[in-house]
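Please construct the entire structure, taking both the sequences and the accompanying hints into account.
Listed here are the chains, written in short residue letters.
Number of protein chains: 2
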Amino acid sequence: MTTLKTKKVDLKVERDFALLNAETLNDLKIKHSANVKVKSDSGEIMCEVIATEELIEPGFVGLKSGTLELLNVGPNKKVSVFVRRRPASIEHVKNKTRGSVWKEGEIRSIVNDICSGNYTDLEISMFTLAQYYLGLNMDEIQYLTTFMAEYGTTLDFEEPVYDKHSIGGIPGNKVSLVIVPTVAAAGLLIPKTSSRAITSPSGTADTMEVLCDVNFTADEILEIAPKTRGMLVWGGTLDLSPLDEIVIHKVEQPLGIDPHSQMLASIFSKKVSTGVDHMVLDIPTGIGTKMPTKEDAIDYAHEATELGRRLGIQIEAALSYGEQPLGKAVGPALEAREALDVIEGKGPTSVFEKSSELAGILFELAGIAQPGQGATLAADYITKGKTKAKMEEIIGVQGGNATITGEEVVVGEFTSDVLAPKDGYIVKLSNSAIKRIAKAAGAPRHKEAGVYLHKKIGDFCKQDEKLMTIYSNSEGRLTEALNLAMNLNPYLLEGMIIKRISSGPRK
Amino acid sequence: MTTLKTKKVDLKVERDFALLNAETLNDLKIKHSANVKVKSDSGEIMCEVIATEELIEPGFVGLKSGTLELLNVGPNKKVSVFVRRRPASIEHVKNKTRGSVWKEGEIRSIVNDICSGNYTDLEISMFTLAQYYLGLNMDEIQYLTTFMAEYGTTLDFEEPVYDKHSIGGIPGNKVSLVIVPTVAAAGLLIPKTSSRAITSPSGTADTMEVLCDVNFTADEILEIAPKTRGMLVWGGTLDLSPLDEIVIHKVEQPLGIDPHSQMLASIFSKKVSTGVDHMVLDIPTGIGTKMPTKEDAIDYAHEATELGRRLGIQIEAALSYGEQPLGKAVGPALEAREALDVIEGKGPTSVFEKSSELAGILFELAGIAQPGQGATLAADYITKGKTKAKMEEIIGVQGGNATITGEEVVVGEFTSDVLAPKDGYIVKLSNSAIKRIAKAAGAPRHKEAGVYLHKKIGDFCKQDEKLMTIYSNSEGRLTEALNLAMNLNPYLLEGMIIKRISSGPRK
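From first to last, the protein sequence lines are chains A and B.
Position 444 of the first sequence, counted from 1, bears residue number 445 in the working numbering, the numbering being contiguous throughout.
Position 192 of the second sequence, counted from 1, bears residue number 193 in the working numbering, the numbering being contiguous throughout.
Think of the hints as simulated: they come from the structure by calculation, not from any bench.
Since the model is a prediction, treat every value here as computed from it, not as a measurement.
A couple of the hints might just be wrong.
Derived DSSO-like pairs: lysine-lysine, alpha-carbon spacing no greater than 30 Å straight-line [to be verified]:
| id | chain 1 | residue 1 | chain 2 | residue 2 |
| --- | --- | --- | --- | --- |
| 1 | B | 8 | A | 13 |
| 2 | B | 32 | A | 38 |
| 3 | B | 13 | A | 79 |
| 4 | B | 8 | A | 9 |
| 5 | A | 9 | B | 32 |
| 6 | B | 429 | A | 95 |
| 7 | B | 104 | A | 291 |
| 8 | A | 291 | B | 95 |
| 9 | B | 30 | B | 6 |
| 10 | B | 463 | A | 32 |
| 11 | A | 13 | A | 32 |
| 12 | B | 423 | B | 463 |
| 13 | B | 32 | A | 32 |
| 14 | B | 9 | A | 9 |
| 15 | A | 13 | B | 9 |
| 16 | A | 8 | B | 9 |
| 17 | B | 6 | A | 9 |
| 18 | B | 40 | B | 79 |
| 19 | A | 8 | B | 6 |
| 20 | A | 30 | B | 13 |
Shown next as structure tokens:
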């Protein structure tokens with residue numbers, strides 16, 4: 002251990018690093034690329050050592066601004082620097098083999114070490130890939146979920162909490178903006194925490210943020226939600242499941258993987274943290290979703306309900322059709338507009354129906370509606386304006402313009418239409434192509450960007466009729482998105498030739 | 002893509018990085034921590050982007066000296082910087098699941114991409130951990146071995162090549178220094194490439210380097226070895242199996258893992274590269290080795306002989322006793338001295354016998370000795386001075402003092418004895434403790450450092466008799482090693498109490 006003074010350095014990179022003079026390395030008997038713990042009064046962070054001869058003097062440690070913030074120290078303050086000791090729980094990760102099972106205490110110590118910043122990125126990948134390659138059994142998933150929740154913030158509402166969760170995978174799934182005010186209008190407590198987009202053009206939090214603030218502290222949520230009965234906030238600020246954030250960020254996103262067990266633990270740890278008692282779980286199913294076949298979706302639903310049972314959460318899973326985007330709008334502002342349209346009684350029926358069905362399941366779980374009658378009751382709430390009134394209240398209390406209508410939502414000023422190349426019925430509409438086009442147009446960072454789908458699967462269109470309109474707030478991004486649309490051909494019209502393969506010109 | 006001028010930066014860290022101005026990042030439409038390829042006329046290297054406002058101006062890319070060397074450019078030279086495209090072969094890695102098998106072409110593209118620097122560290126860990134968690138079948142191991150060899154330097158001697166290989170795991174295993182001159186003395190070609198220590202106190206290359214140079218180019222080896230019939234060189238300079246170096250360095254060493262399939266492919270790819278036709282494979286077996294049980298060792302031997310058969314290499318595997326260090330000396334200089342002692346007819350019988358046995362197997366494979374007679378013939382070569390004469394020739398041609406004797410080898414000037422705490426028979430002598438003590442004393446970096454074992458398992462010792470002597474060339478390291486020895490207790494004497502557990506003082 003040694004005590005050094007902090008110095009802020011002008012280097013930006015994802016990982017935390019400690020820039021040390023070669024002499025300091027010598028004193029600590031370590032080499033560059035070793036891992037050290039830098040400790041202040043407020044916390045400790047594992048850093049990779051970068052060595053330098055001149056950029057930092059002996060006696061100092063160079064840190065990026067993000068690390069200084071996490072340590073809650075300014076420049077020229079004393080911090081302790083320790084050589085990292087390899088945590089013992091790594092052995093549990095290493096001992097994972099086919100058929101072997103992590104014990105409760107082993108999972109506890111792994112979660113503890115990862116959340117305390119004791120693992121290197123490589124060690125975190127070893128933990129995550131054990132799940133990816135070997136899978137976990139239900140006991141292991143239960144322990145993982147429980148300890149992940151324990152290391153996060155906990156919200157205790159002291160009354161039954163309702164929730165809706167979608168496993169995601171299809172663009173345009175803005176139903177939470179309809180479901181939450183509907184359920185809250187019936188008096189049930191639904192303080193929904195949502196995520197921002199990870200790989201999609203808009204997460205529920207991004208969409209809601211078009212209408213109002215979504216950043217609230219745990220105390221604010223505990224104060225506001227019991228009054229309004231519903232909120233739609235971003236879960237990211239709450240630190241509900243720190244391990245999940247680490248694993249997503251360092252392994253799952255860069256590798257593009259989503260191990261089954263980690264997906265379940267991720268969802269349920271946050272439900273445990275937010276005190277959810279009853280939940281409807283939306284599982285979009287079909288080609289182009291996370292659950293390509295009905296069997297995949299049913300297996301998943303069984304696992305989720307079993308995990309819920311073990312954790313004391315009543316789950317009803319609902320398989321939904323997911324082979325095309327939901328509704329017509331994709332991208333934060335366009336989706337917010339469409340959700341308000343549905344609430345005002347003029348949105349697409351697909352969004353209206355899915356929202357009613359899922360809200361209806363919660364009504365049935367709560368005993369407000371008889372089995373099989375929930376969707377009708379929920380539809381009634383929407384058509385009679387109860388949902389609208391509650392949504393105004395929620396937007397208002399979350400600091401937005403309460404009486405905003407769908408029409409008033411600002412969308413991208415630059416637009417471009419994609420036209421049908423010929424007459425025909427739409428037989429396919431690709432989720433992944435629509436996602437990529439909406440993102441190329443600027444979503445989710447530029448909230449006004451996105452795609453509006455004039456035609457959906459089963460619709461007939463005539464040649465040169467509009468298939469979709471791309472929205473952007475930059476001409477450059479609009480052109481990029483349009484080029485991508487031309488390349489990806491998200492729509493497939495019946496009788497259309499998908500690809501021509503030629504042997505080259507005749508000799 | 003953009004063209005930038007190089008600038009050398011005073012930052013030392015393992016991975017290659019590209020320090021770029023925030024404006025350059027903007028132009029390239031990337032963020033810090035993205036991966037870029039930096040390309041010169043001589044090569045291309047994948048670098049992680051570090052962003053800066055002031056340390057590098059727009060138009061420049063800051064690289065560490067190692068990266069500049071690999072690119073073979075000086076400062077202020079033009080290089081191209083490309084945004085990395087995720088290689089398609091990652092999908093093969095991701096698609097590896099229980100029961101699925103990598104196809105030949107898939108393994109080829111993975112090896113190609115890793116050796117071309119197209120994988121991030123995380124992606125390399127995903128490849129290695131697929132092997133660790135799921136294992137590979139024999140077809141996959143064969144393809145992996147073949148492609149790993151293809152991407153490395155190849156030595157073609159145009160005559161049968163003999164080799165000895167140990168899977169390692171026990172300290173003091175200096176038999177190659179006896180076997181190579183013995184086999185070469187019989188006229189067989191044995192141009193042995195060895196490794197330096199990875200986690201042990203001395204690799205064969207480290208030990209041989211005490212006596213002479215071990216760094217030779219492929220051309221030098223092709224010229225010298227056919228004349229002397231034997232050499233003992235470091236394989237590291239030859240780049241025989243680039244993928245192996247990458248995987249060891251970036252994943253296996255930091256995680257402390259050694260996946261079975263990768264271990265086989267690692268060994269055999271280098272044998273293919275160096276044109277080995279006949280090989281004896283030493284498999285140290287027993288508690289404290291890589292093969293804790295005889296069954297593990299036999300399984301491994303079967304796999305190795307099968308892989309050899311497929312690759313056209315005749316293998317004879319020999320299980321050897323590995324539950325204590327081999328011989329009495331551990332550490333480069335002490336081991337070199339002991340090997341010379343054995344050659345001069347005065348070393349420990351364990352080293353003499355193991356060397357004779359393994360060299361004898363090669364004599365039998367070559368048809369020089371009848372089955373079962375090889376060891377006797379090899380022992381004859383040693384006792385009659387033929388091994389000694391050949392070793393002098395080899396040391397001479399590798400630039401050392403040809404007539405050096407064991408006695409003349411310089412060992413650490415600071416020594417300290419560990420004494421027996423009581424009378425008794427030695428029942429255990431821990432490989433791992435001896436390794437750690439020798440390393441604490443300075444081995445392998447300080448060649449004179451190490452441990453000399455006066456007593457081995459089965460020996461009787463009286464109280465205060467010397468168990469071991471620690472050698473170092475620094476008093477500080479000697480003290481550290483001695484303290485470690487007191488802590489680790491590498492020797493177990495019969496009747497000794499291993500640990501006392503007390504309930505605390507009586508109340």
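request  = Kindly indicate which numbered hints from before are broken by the structure, ordering the numbers from low to high.
outcome  = Per hint list: single violation, 10.
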